[in-house]
Amino acid sequence: MMAVNWRALLQENRDLFFNIHNEEIKEGKGYLGAAANAEKVESVKEQVFEYYISDVNARLIYEKNA
Amino acid sequence: MGHEFIGQLAKNMKNVEYDRVIYNSKNYIGNRNHVWQIDNKKYTPEDVAEKILSVAKANVERFYGERVDGAVITVPASFNHDQIESTKNAAKSAGFLEDRLIFISEPTAALLDLIYEEKLSDKRNTIHDFSKPKKVLVFDLGGGTCDVSIMNVEINGDDYKVEELAISPHTQLGGVDFDICGVLYLLHKYSILNDIDHKRMPHHVDVKRYIFSVLSLEIEKARIMFSSLSSGLTGEGYGDVVYRNSLENFYTGQSFEFEISKKEYDECIKPLLTKGGNLGFNIIDPIIDTLNKANLGKEDIDEVFLVGGMTAYSTVREAIENFFGKKTISYLDPMYSVAKGAALYNYYNENKKKIEKGKIIIYPVVAENIYLDVKNNLPVLLVSQGTKAPYEKVHEGIVKVDNATGIKLDILSGKSIYDPKMKRLKSVQLTFTDIIKPGTPISIKVTFDKNRILHLEAWVTGNFKQRIDVTFDKEVLYDGC
Ligand SMILES: Nc1ncnc2c1ncn2[C@@H]1O[C@H](COP(=O)(O)OP(=O)(O)O)[C@@H](O)[C@H]1O
Ligand SMILES: [Mg+2]
Numbered sequence: 011m012m013a014v015n016w017r018a019l020l021q022e023n024r025d026l027f028f029n030i031h032n033e034e035i036k037e038g039k040g041y042l043g044a045a046a047n048a049e050k051v052e053s054v055k056e057q058v059f060e061y062y063i064s065d066v067n068a069r070l071i072y073e074k075n076a
Numbered sequence: 005m006g007h008e009f010i011g012q013l014a015k016n017m018k019n020v021e022y023d024r025v026i027y028n029s030k031n032y033i034g035n036r037n038h039v040w041q042i043d044n045k046k047y048t049p050e051d052v053a054e055k056i057l058s059v060a061k062a063n064v065e066r067f068y069g070e071r072v073d074g075a076v077i078t079v080p081a082s083f084n085h086d087q088i089e090s091t092k093n094a095a096k097s098a099g100f101l102e103d104r105l106i107f108i109s110e111p112t113a114a115l116l117d118l119i120y121e122e123k124l125s126d127k128r129n130t131i132h133d134f135s136k137p138k139k140v141l142v143f144d145l146g147g148g149t150c151d152v153s154i155m156n157v158e159i160n161g162d163d164y165k166v167e168e169l170a171i172s173p174h175t176q177l178g179g180v181d182f183d184i185c186g187v188l189y190l191l192h193k194y195s196i197l198n199d200i201d202h203k204r205m206p207h208h209v210d211v212k213r214y215i216f217s218v219l220s221l222e223i224e225k226a227r228i229m230f231s232s233l234s235s236g237l238t239g240e241g242y243g244d245v246v247y248r249n250s251l252e253n254f255y256t257g258q259s260f261e262f263e264i265s266k267k268e269y270d271e272c273i274k275p276l277l278t279k280g281g282n283l284g285f286n287i288i289d290p291i292i293d294t295l296n297k298a299n300l301g302k303e304d305i306d307e308v309f310l311v312g313g314m315t316a317y318s319t320v321r322e323a324i325e326n327f328f329g330k331k332t333i334s335y336l337d338p339m340y341s342v343a344k345g346a347a348l349y350n351y352y353n354e355n356k357k358k359i360e361k362g363k364i365i366i367y368p369v370v371a372e373n374i375y376l377d378v379k380n381n382l383p384v385l386l387v388s389q390g391t392k393a394p395y396e397k398v399h400e401g402i403v404k405v406d407n408a409t410g411i412k413l414d415i416l417s418g419k420s421i422y423d424p425k426m427k428r429l430k431s432v433q434l435t436f437t438d439i440i441k442p443g444t445p446i447s448i449k450v451t452f453d454k455n456r457i458l459h460l461e462a463w464v465t466g467n468f469k470q471r472i473d474v475t476f477d478k479e480v481l482y483d484g485c
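Order-wise, the sequence lines are chains H and Z.
Each number in the working numbering comes from the position in the first sequence (counting from 1) with 10 added on.
Each number in the working numbering comes from the position in the second sequence (counting from 1) with 4 added on.
Isolated chain Z, as found in the complex (with noise of 0.2 Å):
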């Protein structure tokens, strides 16, 4: 087995080694069917994110020359109970020490970065001003993600207070469908010079990999250099950019020169810009979705603040400003608000733990309604989408008792029960320790705490005795946060 490379390394040899490149994996995190397979060696995506993190801690280690056993994690807004449970995962094989793992939501991060640099400027002159309570929508267009939240925002003296209005669930909508619209174009553009049918190009699947991967990376350089070139040049009439490149032996040994321009990437993304697109996916939908969810039309958002390397791509941002009808905030760094604001998340814990000025609070909220199935009828609601952390409610004799040595719970998370993208967080199987008759009524206690986590306990009704530890523990289920 060869080395192991991991982050920018790993990404240049896209081209070369294009079929032992893993990425995008933390788009399945906590999917545990999900095996790459490179030389007879298998990685999960928690294997992914334990490598990741490994080497994200020994270069803090090395950089401060000390050992660093905690760390704040941010995760997509989005990201369910399996999720996390895996990244933390991954960070404990990492070396870290589960005690001293935090794990806030990107968009906050994000804020904490945003809300930072406002309070540096504020001596000067304040750009945004949340000395009132803001309604800010967060949209972070990552690699593989889409995340959009709705927060409210506000600074009391030294205090923040990040309040959770709505977050969109999990979107497969990232940069790579941005490359991924300028390969198929490209490939036209290569079917037409070699007079071919890109479409009936072998079938063979080790060719496609390394043609899509090769072209994709190209698009990548494309698109970053279109930004850095562009910036400042926008709407109609600005002067067109061209990327050029030349790909030696790009397929049955003959070498593809290629361009493509501003223009032309910008018209194969449209459908990805475009509400109601006929892609059926697109990045408008999910604010939509998530405006409809904390119940507020776009008029109702005092801020737009962009977020994630995608948003560094003027045509994105244009998009989301022409719906929204105003400027969005974006002069931070995309690609490092979420991290800087990680760092100033601890340093706010921290000072909290110290002096009692510069609190930050933090309200989560659950994403999803979640319903506890129950045999011969409808599902029934235990927490429901927007519930604020921290949440504790009992469910006195919720279901009843089908067989009598045990009882299977089935718990899923949707819009409403009739929603057909309902999802089955878990099936639980409780056994009696002792036979219980049928009919015997089963309680259960919900709770949901500001980690993200949410609990779920039962046991039999009144019978304390006979309490089940029917304790869902680390398998607990809980939608996303």
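Chain H extracted, bound-state conformation (with noise of 0.2 Å):
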């Protein structure tokens, strides 16, 4: 086995090690455990936007948001 001087290597690479990114928790939290089948919640936002654009409830809100 490799003897890595751990406190040398994090402190230079401090970014590498520490910055994680939310696509990594999410990704890795899909891993753990039995697999699920689950459909992708919709996002939300598209969703309301979905809805609303079919209405004229998107004008409205478009007006009030200008």
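Rather than coming from a laboratory, the hints here were simulated on the basis of the structure.
Where hints are given, some of them may not hold.
[Said to hold, decoys possible] Estimated spans, in silico, between C-beta atoms of each pair:
no.: 1; chain 1: Z; residue 1: L13; chain 2: H; residue 2: E37; range: 25 to 33 Å
no.: 2; chain 1: Z; residue 1: D210; chain 2: H; residue 2: N23; range: 44 to 52 Å
no.: 3; chain 1: Z; residue 1: K267; chain 2: H; residue 2: G40; range: 45 to 53 Å
no.: 4; chain 1: H; residue 1: N23; chain 2: Z; residue 2: V209; range: 53 to 61 Å
no.: 5; chain 1: Z; residue 1: Y68; chain 2: H; residue 2: E37; range: 20 to 28 Å
no.: 6; chain 1: Z; residue 1: D163; chain 2: H; residue 2: Q21; range: 52 to 60 Å
no.: 7; chain 1: Z; residue 1: R104; chain 2: H; residue 2: E37; range: 19 to 27 Å
no.: 8; chain 1: H; residue 1: Q21; chain 2: Z; residue 2: D210; range: 34 to 42 Å
no.: 9; chain 1: Z; residue 1: F328; chain 2: H; residue 2: E22; range: 31 to 39 Å
no.: 10; chain 1: Z; residue 1: K136; chain 2: H; residue 2: E22; range: 28 to 36 Å
no.: 11; chain 1: H; residue 1: Q21; chain 2: Z; residue 2: S195; range: 17 to 25 Å
no.: 12; chain 1: H; residue 1: E22; chain 2: Z; residue 2: G257; range: 12 to 20 Å
no.: 13; chain 1: Z; residue 1: T256; chain 2: H; residue 2: G40; range: 20 to 28 Å
no.: 14; chain 1: H; residue 1: G40; chain 2: Z; residue 2: F328; range: 43 to 51 Å
The structure presented is a predicted model; accordingly, all values stated were derived computationally and were not measured.
Yeah, the Cβ is synthetic: ideal placement off N, Cα and C, and Gly gets one too.
Make one complex out of these two single chains by using the hints.
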């Protein structure tokens, strides 16, 4: 087994080691335990958008936000 | 099909039968689309809950040697109606009787444990005095959830009054995220030791499942060890604690000998503990969100009470204490406060029936605004966030019939009508038995009861004969307490 000076390595590469990304955590959680066929919960934002876009509400909301 | 194991037995199997262990199922309850499949057998989150509750029931029955058909079941303060209904169905399938089931929110239960313990110490010296109303923020960080609630607590003689001021929506943040941060770190270490890029390790899902399951167990073990060894040793300058282990046959036949120190681990989880951290989620944001909902600043909080296994970890506790600039209440066992509180609730509830002393009054609140969507117009507010139970209101002529044979009612919940996170709670089609003229107004009655159930009824305004039995019934819409 290679002997590694972790202390030095960590100090020099803080970013590599400690800069964790959101997607990495999400992906990692997906690998825990038994597989589920869960449909990806649609992004609520998209859902709401789709929902309103089909309606006059889209215009109203746009106007309010503009 | 083999045996099914529940609880610690199942957890212990995570490293051997990693792809046959279901966990964090409570995170998915109420979601009908989530199904685990093991050996061609399908398990929904409700099935899993049923199995857990059956085992709990059998254990209690064995202990007391008698049949038990009632239960006080705690649910996260942020559970919505579907989540509670699904839990209730699981309990019924497990053999509990519906009318003997009581649901209370977890922070309320934890508070009961606190109040009880305070009362016991009352005779000696009161640590936290609740004889005047106090605002308590309950921070619960468990395996898969982070629930924050703010309550007004008052003890009047033998009566306890717990008023929920604000609760946070369910957050996808829990111990499992703290596990993954450490797992990723160990994978970095592995890739350095073996000179491979862990991100390029074969994408075979099964291998990844094995790696992540095994390492997450290791990280959990490490964290619990850090908790037990470093309690009392906090702040700069404390000695570091190191967790070491060796995993045989870790990857492509190679073993993995590794170590991780508390300081290293704390560095890994920093983004989860830091406000506005780069992850986009952390334990501080839900606290701020809940304070905002209650219209309170952190200085308005009299006591911060920590619950959930993850708050046993000193680094988590310190992050919260730093945010509030004060010590938290954490002398109770954070793993068991909720369960003890549920038992206490039952005790007080039974008391209430017998004597008029020792009452416990809980006032739940609606977590988010609830709207009725109106065609060709903006949604209208049905119940506003913070509304206390019991509540009842009739909205006369709130919508107009647009189709002679029926009307579709869409119920939404969110912070405001422009909330990008607005959820559609329910979409219900009401079909008229007789044809109704388009333009006829519909009235809606909203009730929010002490069991945290929001109930809606709708009818053609003024038409009592033709009163449509539009009961959302069990299919009720409701937002989360
Ligand atoms: N002593 C401890 N130190 C650190 N973490 C702990 C400790 N005990 C439990 N945990 C963590 O707490 C979480 C479980 O907390 P719990 O409140 O039981 O969760 P839930 O309510 O979601 O079932 C797990 O992530 C576990 O690793
Ligand atoms: Mg919990």
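Against the structure, the hints:
1. At roughly 28 Å, the beta-carbon separation of Z/L13 and H/E37 lies within the given 25 to 33 Å, and the hint holds.
2. In this structure the supplied range 44 to 52 Å is violated for Z/D210 paired with H/N23, their Cβ-Cβ distance being about 30 Å.
3. As the Cβ distance of Z/K267 to H/G40 is approximately 29 Å, the hint placing it in 45 to 53 Å is violated.
4. Here the CB-CB span from H/N23 to Z/V209 is close to 29 Å, at odds with the stated 53 to 61 Å.
5. Separated by about 46 Å at the C-beta atoms, Z/Y68 and H/E37 break the suggested range of 20 to 28 Å.
6. Distance hint check for Z/D163 and H/Q21: the Cβ-Cβ separation is about 58 Å, which falls inside the suggested range of 52 to 60 Å.
7. At about 43 Å, the CB distance of Z/R104 to H/E37 disagrees with the hint of 19 to 27 Å.
8. Range check, H/Q21 to Z/D210: about 36 Å between beta-carbon atoms, so the 34 to 42 Å window is met.
9. Here the CB-CB span from Z/F328 to H/E22 is close to 35 Å, well matched to the stated 31 to 39 Å.
10. For the hinted restraint 28 to 36 Å between Z/K136 and H/E22, the CB-CB distance of approximately 55 Å leaves it violated.
11. A hinted range of 17 to 25 Å holds for the C-beta pair H/Q21 and Z/S195, which are about 18 Å apart.
12. Roughly 31 Å separates the CB atoms of H/E22 and Z/G257, a value that falls outside the hinted 12 to 20 Å.
13. Our hint of 20 to 28 Å for Z/T256 and H/G40 holds, since their Cβ atoms are close to 22 Å apart.
14. H/G40 and Z/F328 have their C-beta atoms about 34 Å apart, which leaves the hinted 43 to 51 Å range violated.
Of the numbered hints stated above, those contradicted by the structure are hints 2, 3, 4, 5, 7, 10, 12, 14, listed in ascending order.
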